[in-house]
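**Q** Chains as they are written, first to last, in this note's numbering: chain A, 1 to 133; chain B, 1001 to 1133.
Read the hints as simulated data drawn from the structure, not as lab findings.
Some hints could be false.
[What the hints assert, rightly or not] Okay, derived cross-link-like pairs now, DSSO-like style, lysine-lysine, Cα gap no bigger than 27 Å in a straight line:
(1) A/Lys-89 x B/Lys-1040
(2) B/Lys-1092 x B/Lys-1012
(3) A/Lys-18 x B/Lys-1104
(4) A/Lys-69 x A/Lys-40
(5) B/Lys-1027 x A/Lys-92
(6) A/Lys-89 x B/Lys-1027
(7) B/Lys-1092 x A/Lys-12
(8) A/Lys-27 x B/Lys-1040
(9) B/Lys-1012 x A/Lys-90
(10) A/Lys-18 x B/Lys-1090
(11) A/Lys-18 x B/Lys-1089
(12) A/Lys-12 x B/Lys-1090
(13) A/Lys-23 x B/Lys-1018
(14) B/Lys-1104 x A/Lys-90
(15) A/Lys-18 x B/Lys-1092
(16) B/Lys-1090 x A/Lys-90
(17) B/Lys-1069 x B/Lys-1040
(18) B/Lys-1104 x A/Lys-23
(19) B/Lys-1089 x A/Lys-90
(20) A/Lys-12 x B/Lys-1069
(21) A/Lys-69 x B/Lys-1023
(22) B/Lys-1018 x A/Lys-69
(23) B/Lys-1018 x A/Lys-92
(24) B/Lys-1090 x A/Lys-23
[To be verified] Pair by pair, the computed Cβ-Cβ distance ranges are:
(25) A/Lys-27 x B/Gly-1106: 37 to 43 Å
(26) B/Ala-1015 x A/Arg-65: 47 to 53 Å
(27) B/Gly-1106 x A/Glu-94: 31 to 37 Å
(28) A/Ile-28 x B/Pro-1082: 17 to 23 Å
(29) A/Gly-95 x B/Asn-1101: 45 to 51 Å
(30) A/Glu-32 x B/Arg-1065: 21 to 27 Å
(31) B/Gly-1071 x A/Met-1: 27 to 33 Å
(32) B/Pro-1082 x A/Met-43: 38 to 44 Å
[As the list claims (entries may be wrong)] Some chain A residues close to chain B (C-beta under 7 Å, calculated; not the full set):
(33) Asn-3
(34) Gly-36
(35) Ile-103
Being a predicted model, the structure only gives us computed values, none of them experimental.
Beta carbons: idealized from backbone N, C-alpha and C, even for Gly.
One letter stands for each residue in the lines below.
Number of protein chains: 2
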Amino acid sequence: MFNIDHLGIAVKSIAAAKGIYEKLGLKISPEEIVEGEQVKLVMIPVGESRLELLEPISESSPIARFLAKRGEGLHHISLRVPDLAAVVKKLKSEGVRLVSNEIKVGAGGHRYMFVHPSSAGGVLLELVESRDQ
Amino acid sequence: MFNIDHLGIAVKSIAAAKGIYEKLGLKISPEEIVEGEQVKLVMIPVGESRLELLEPISESSPIARFLAKRGEGLHHISLRVPDLAAVVKKLKSEGVRLVSNEIKVGAGGHRYMFVHPSSAGGVLLELVESRDQ
């Protein structure tokens, strides 16, 4: 039910950062561009999870701002949860700080919500709806 | 074969940081102390992986130094690999920067090696031997 969907890693250069994973023998997806976030990305399946390398394609990208402030490294942890609406309702009722008020719908129709790092030990925590729901 | 064994997350307070995971309905292990690293930790199973919350118990802990420099957040990503000795040999031959020269043996006899963040897109990447080997 619960598992780690992916880890988003902010990098200056996908071409440079993907090397270690290629050397480990992992498969790297083709590059994909997400205009709305002004990033390009590749996905690296690892067991039931994926690593997502994120490189900004303009300075207006949130990933560009992250790199300027924090440098390369983990940007977010994405967990699959069984019933996102129920989870979000429960977290709100318990005073957890969420990044937006409503569940958002992203590319491919996946539904997601971010928990603010101040409520999750410094980690930007994405919750996504389980694929098996 | 390959999967994410665990994510190490540096926190100031396990008591505070574990709250979000309890609210999500995840199980938290009892606290454990690792004297050698001067940390206490809890493990949170998530699918085939685990989240590891790490809190320093003294200022000499590497986690205390990490918190002072970077603040709370992801400390390392640990990947299970099928044949650690072969992987380490290959990475060395390809010039990947490793944190130590030899594979180390940790608590419970698990064998591990760290790849330096400069060779892994800013991420401290731990490689551990697969349990099924």
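**Q** The structure should be examined with respect to each hint, and the outcome stated for every one.
**A** Hint by hint, here is what the structure shows:
1. A/Lys-89 x B/Lys-1040: With a Cα-Cα distance of about 32 Å, the restraint between A/Lys-89 and B/Lys-1040 is violated, given a limit of 27 Å.
2. B/Lys-1092 x B/Lys-1012: Measuring from Cα to Cα gives roughly 35 Å; hence the hint is violated.
3. A/Lys-18 x B/Lys-1104: 25 Å, holds
4. A/Lys-69 x A/Lys-40: 19 Å, holds
5. B/Lys-1027 x A/Lys-92: 20 Å, holds
6. A/Lys-89 x B/Lys-1027: Holds, at about 20 Å.
7. B/Lys-1092 x A/Lys-12: 24 Å, holds
8. A/Lys-27 x B/Lys-1040: 35 Å, violated
9. B/Lys-1012 x A/Lys-90: 25 Å, holds
10. A/Lys-18 x B/Lys-1090: Since the Cα atoms of A/Lys-18 and B/Lys-1090 sit roughly 16 Å apart, the hinted pair holds (cutoff 27 Å).
11. A/Lys-18 x B/Lys-1089: Within the cut-off at roughly 19 Å; holds.
12. A/Lys-12 x B/Lys-1090: 25 Å, holds
13. A/Lys-23 x B/Lys-1018: 35 Å, violated
14. B/Lys-1104 x A/Lys-90: 43 Å, violated
15. A/Lys-18 x B/Lys-1092: Judged against 27 Å, a Cα distance of about 17 Å means the pair holds.
16. B/Lys-1090 x A/Lys-90: Between B/Lys-1090 and A/Lys-90 the Cα gap is close to 48 Å, so the pair fails against 27 Å, i.e. violated.
17. B/Lys-1069 x B/Lys-1040: Measuring from Cα to Cα gives roughly 19 Å; hence the hint holds.
18. B/Lys-1104 x A/Lys-23: 21 Å, holds
19. B/Lys-1089 x A/Lys-90: 48 Å, violated
20. A/Lys-12 x B/Lys-1069: Holds - the C-alpha atoms of B/Lys-1069 and A/Lys-12 are around 21 Å apart, at most 27 Å.
21. A/Lys-69 x B/Lys-1023: 30 Å, violated
22. B/Lys-1018 x A/Lys-69: 26 Å, holds
23. B/Lys-1018 x A/Lys-92: This hinted pair holds, its Cα atoms lying about 17 Å apart.
24. B/Lys-1090 x A/Lys-23: 8 Å, holds
25. A/Lys-27 x B/Gly-1106: 37 to 43 Å: 29 Å, violated
26. B/Ala-1015 x A/Arg-65: 47 to 53 Å: 31 Å, violated
27. B/Gly-1106 x A/Glu-94: 31 to 37 Å: Distance hint for B/Gly-1106, A/Glu-94 holds at roughly 36 Å.
28. A/Ile-28 x B/Pro-1082: 17 to 23 Å: 18 Å, holds
29. A/Gly-95 x B/Asn-1101: 45 to 51 Å: 49 Å, holds
30. A/Glu-32 x B/Arg-1065: 21 to 27 Å: 37 Å, violated
31. B/Gly-1071 x A/Met-1: 27 to 33 Å: 31 Å, holds
32. B/Pro-1082 x A/Met-43: 38 to 44 Å: 21 Å, violated
33. Asn-3: Cβ of A/Asn-3 sits 3 Å from chain B, so the hint holds.
34. Gly-36: 23 Å, violated
35. Ile-103: 15 Å, violated
Violated hints, listed in ascending order, are 1, 2, 8, 13, 14, 16, 19, 21, 25, 26, 30, 32, 34, 35; each of the other numbered hints is respected by the structure.
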